[in-house]
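Quick note, the sequences are listed as chains A, B and C, same order. Going by my numbering, the first sequence opens with residue 18, and the numbers climb by one from there. Going by my numbering, the second sequence opens with residue 1031, and the numbers climb by one from there. Going by my numbering, the third sequence opens with residue 1093, and the numbers climb by one from there.
Hints may be right or wrong, so weigh each one.
[Unchecked claim] Looking from chain B toward chain A, a few residues come up when the C-beta cut is under 10 Å (computed):
#	residue
1	Q1085
2	P1089
3	L1091
4	N1190
5	K1196
6	A1197
7	Q1200
8	N1201
9	L1204
10	A1207
11	G1209
12	I1210
13	E1213
14	R1217
15	R1305
[Claimed, not checked] Simulated crosslink set (SDA-like; lysine to any residue; CA at most 25 Å straight-line):
#	chain 1	residue 1	chain 2	residue 2
16	B	K1287	C	L1227
17	B	K1118	C	I1380
18	B	K1118	C	D1281
19	B	K1118	B	V1102
20	B	K1196	A	G155
21	A	K198	A	G155
22	B	K1196	A	A233
Rather than coming from a laboratory, the hints here were simulated on the basis of the structure. Everything numeric in this text was worked out from a predicted model, so none of it was measured. For every residue, glycine included, the Cβ atom is placed at its ideal position computed from N, Cα and C.
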Amino acid sequence: MSDRPQLAIDGLTGGYGDIVVLSGFTATVDPGSTACVAGRNGVGKTTLLRLVTGALAPVAGRVRLGDAEITHAPRHRRLRLGMGYAPQENVVFDDLTVLENLTLAAADRSLDRYDELLDAFPRIGERLSQRAGTLSGGEKKILSFCRALAEATELVVLDEPSEGVQPENIALMTGIIEAEKAKGRSFLIVEQNLGLIEVVADAVHLLDHGECIYSAPAGADVRGELSRRMRL
Amino acid sequence: MELIATHGLNFLYAFATLALVVLGLAVVFGLLGVMNMAHGEFVMIGAYSALAVQQAGLPFLFAIPAAIAVCVVIGWLVEWGLVRHLYKRPFDTLLATWGLAILMREVVEAIFGREYQSVDQVLPGTFSLAGVEYPAYRVVLMGIIAVLFGALFAWYQRSNAGARVKAMVQNPALAAAMGIDTERLARWTFVFGVTTAGLAGVLLSPLVRVEPFMGLDYLLSSFFILVVGGLGSLEGLIVGSGVIGGTDIFLSALFDKTSGYLGVLTISIVFLWLRPNGIVSRL
Amino acid sequence: MALSLGYSAAIVVALAAVPFAWGSFTAFQLGLYLIYGIAAQGVALCWGRAGFLPLGQALFFGIGAYIVGAALKTGAGWAAFAPAIIAACVLPALLAGLVGLLVFNRQIGSGPYFSLITLALAMLGFQLANALDWLTGGFNGMTGIPGLPGIDPFGSYYFVIVAALVISTAVLALVASSPFGQLLSAVRDNEERLQFFGFATHRLKAASFAIAGAVAGLAGALYAPHQGIVTPQTVGFLLSAELVIWTAVGGRFGLLGPVAGAVLIGFMASGLRNSFAYWEIAIALVFIVVVLRLPAGLGGLAAGLLGRFVPARSQLVRERPQLVERSPDAGNCDLRFDAVHVRMGTVEILNGLEFTVDQPGVHCIIGPNGAGKTSALNALTGRLPVAHGDIVWRGRSLANTRPYLAARHRIGRKFQVPSVFADLSVGQNLDIALWSGRLAWFDYLSPAPFGWRTGALDDLRDRFGFLADETRRAGELSVGERQMLDFSMTMLAEPHLVLLDEPCAGLSPAETGAMIEAIAAISADTGLVTIIVEHDMAVVERLADRVIVMHQGEVLTAGAMDEVRADQRVQAVYAGGTK
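One chain only, chain A, in its complex shape (with noise of 0.2 Å):
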């Protein structure tokens, strides 16, 4: 394993016309490890991660994939160099089948590299021809945490996997992270559960106002610093 970060984001600042939302971010994500975001709701989380998946254009700091430079990158060029995505909201096409929204980017159609999340989720695997907008609110995340998983190659970027799925699977995801992980692929998790939180992440950053005000390497008392400055 080369010693480059999988993931740098240096003094990632962006918002929605002139309107700044998430100010200054600095992080890297090392290969084979999980950075996780978390933070109260409308504080630039999401931001963060359309700025690095290329949905918003920063206005300013970087941000490289391994050895590319792709802060202006088009979001389609990512994929291709190794970044998978599963937003949070709105996360497969209602209309489209499961089948084809698990393989609608692939050119193949083919299934193979599902093999092992289906086995691990078999309730996506039975309703392949069936209409995602069929699905409930959780299969919908797992299906969209798959599909993220299965393109990318180098790092998966997930916007609070969690959020709507029932707590084996919850921890099912957590297994599989782990397992990616150790295969040396990388991981940046919005999340708001502390609990898939304290079990993946090797790194936590917490926002507020659109800025970091807090990063701890794993093992720190993260819950209770969470739990003090969310206020709840």
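Guided by the hints, dock chains B and C onto chain A, whose structure is given.
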């Protein structure tokens, strides 16, 4: 009985040709949200391609590849030079494509002249259908349109490209995040839409007057169909073509052509007033 | 646009001198272009001012021409002309107004539907003019229309046209500078926001389209005795298209631009059409370029050049001498959500939402993303259709209402992203908020509303100092200032129920403090019901008398901040699966 059969066939014919003409606008406006005011002019370009092929002394069938080639080139250039910059500014797209429509008419007028011209009859005979002698070319045309729509429907339902288009329409952000080059896909969708309009122009050319202003009627009837049928689905296109074609044929037969036009315009205004999303509403 | 009286007089004198300087034929030609220019002024009112584009304006022009033509052909001279010219203005206005009301009823913005319907109407008019031989003379047209008695079409009629131009310009200038004109600018700028101030924007648009129809009819009325013939072409598509081109090229934001465009292109066409084969193509290209690169047309270009030499008159600082108050209309403050279901596609956004508000004060709605907080406000103000259930405000059902009706029930709304009229000045923004619910029908064309002020305005100016500079363009304000302007406007309408969606989003800590203080003070002074959707717990803590927690389209719990905070379910929702 014969009268009913004739009217029935006339309705089917109007229905089929309208569906063919509206297809391009339904793709461009329904899927991309671009009201292409030059839609009818692409139909006109198709008809003039047939005319040019005839003037060059070549058989009618050559007009099809000719029109496709011309429309692909023009459509690509228009998307690249004009429409692409305006996807989030629908009002400016309307204006720009309207200017384009004027330009296309004037260029065609400068080349071919303003007067009415005609493309020679293809298959001049008649077929006997349901006890009625019906022009052969019309029958063949209806068959071609049916096959075309069947093939298109199957392709759109089954192919990966169809799925990608659906994905782009439903959620462009997610589609792009999944590695789909939505800009490129939108461009080819636009080109596809205007090319079907050109194809419609070729197929209709032996039956209509060919003149630089012929496109306006096609734009307006396509627009009426989309207003009544609703955007974004093949069902809406079919239902809208049926309602508009049926109203037009019925009133025209009962009174005159102007009444038919008045009827479809009134229906469209009533729809905009009370049910702006059309019959097959996806919202 | 804001040409001084001196400039205008100079232009009129120059126009009047044309027959003497260049002869009567040139004046005859110019007269025709001026007639077209009058019709184009109406297009500019719709397009440049209100932001929607009529593509079939020749219909109204043609109707006016046929009416006056038919009247003059009776041989009754002035006795026929006088009522005919009135009919030539009124009938097109009624038709345009009706079409506008129907088509704009459920269309917001400048979508293509209206333009295409007007285009279709012009095509229909063309067909009718061709078909109705007995009325219009059919394809060959209505011929042999006599001139006005005692007025030579090739001579003194030119001065009639100039007089008509002066009148139409004066009337349209009055419209443009009235509250109605300012509201039209607001429609173009941000139609939806205007609806939330209680203005039925579809009626405003229909009214402006009716005025444009009347102006086109007037131009048509002048056309018939000028040309002596009216053909179906006068109703048709080509003239409609040319009216738009002249307006675009001349400049659609003023009243003289369209006339200048018609005159300029008219003379160029008469000189070049026969000698330069590609003239029409050139015009089409010019039009595309203008649309894409030069929205203000040549008029805008000229004004820009002029502005370099003549400094623009600084906008007057508005005096606001007249104190107006809105009827207090003290009612109860009962708001009830009764098992409200809202769906979007297959997704259930509100899932039997149920809560009541019966006390004045600040009620905060909190909850994770996607809980349906903003959707609840949208359902209440008619922005989202309610599938099941009911929303009742003061005993009246508001389910599936429309935004302007909700505003008329004294419900004020501020969106999360500040929504102001960016092209208008701060003062004009404040005007529109002050006019909310206060404009009587006669006020729309009166200058008096520009002088209005209220006690609340004075208070807000004290609180937010930047409001004092009324000449600044709202689009140039900082985000925080725009938030405060938006908030001030919402409050100036003096709602009894005010809905604030994340009022502190994008504000600096200092601005957040000022905003919290303003909300708390106004809420305490006026005793209104305030509902705030908020993520920032610090804001909630400071303001909330009561907290409503939403989750997945339902109310999870409601109560005082401390109670809510202690609730295990709330903690679970906020901290994910932690137990």
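Taking the hints in turn, this is what the structure says about them:
Taken as an interface hint, Q1085/B does not check out: its beta carbon lies about 44 Å from the nearest beta carbon of chain A, beyond 10 Å. The restraint placing P1089/B at the interface with chain A is violated, with a minimum CB-CB distance near 39 Å, outside the 10 Å limit. Against a cut-off of 10 Å between C-beta atoms, the interface hint on L1091/B is violated, since the closest Cβ of chain A lies about 34 Å away. Checking N1190/B against chain A by beta carbon gives a least distance of about 6 Å; that is within 10 Å, so the hint holds.
Residue-level restraint check for K1196/B holds (minimum Cβ-Cβ distance to chain A is 6 Å; threshold 10 Å). Hint on A1197/B holds. Least Cβ distance to chain A is approximately 5 Å, under the 10 Å limit. The interface hint given for Q1200/B is met, as the beta carbon of that residue sits about 5 Å from the closest beta carbon of chain A, less than 10 Å. For N1201/B, the suggested interface contact is upheld, since its CB lies about 6 Å from the closest CB of chain A, less than 10 Å.
Checking L1204/B against chain A: minimum C-beta separation of about 6 Å stays under 10 Å; hint holds. With its C-beta approaching chain A no nearer than about 5 Å, A1207/B sits inside the 10 Å limit, and its interface hint holds. Hint on G1209/B holds. Least Cβ distance to chain A is approximately 3 Å, under the 10 Å limit. Taking 10 Å as the C-beta contact cut-off toward chain A, the hint placing I1210/B at the interface holds, the least distance being around 6 Å.
Nearest Cβ of chain A to the Cβ of E1213/B: about 8 Å, under the 10 Å cut. The hint holds. Nearest Cβ of chain A to the Cβ of R1217/B: about 14 Å, over the 10 Å cut. The hint is violated. Because the beta carbon of R1305/B sits about 22 Å from the nearest beta carbon in chain A, more than 10 Å, this interface hint is broken. About 18 Å separates the Cα atoms of K1287/B and L1227/C, which keeps this hinted pair within 25 Å; it holds.
Proximity of K1118/B to I1380/C is assessed by CA-CA distance (about 18 Å); at most 25 Å being required, the pair is judged to hold. Between K1118/B and D1281/C, the direct Cα distance comes to roughly 16 Å. Compliance with the 25 Å bound is thereby established for this hinted pair. For the proposed pair K1118/B and V1102/B, the alpha carbon gap of about 23 Å is at most 25 Å, so the pair holds. Distance check on the hinted pair: K1196/B and G155/A sit about 23 Å apart at the alpha-carbon level, within 25 Å; holds.
The straight-line distance between the Cα atoms of K198/A and G155/A is roughly 23 Å, inside the 25 Å bound, and the hint therefore holds. Note on K1196/B and A233/A: the hinted pairing is violated, with a Cα-Cα distance of about 43 Å set against a maximum of 25 Å.
The structure does not agree with the numbered hints 1, 2, 3, 14, 15, 22 stated previously, though it agrees with the rest.
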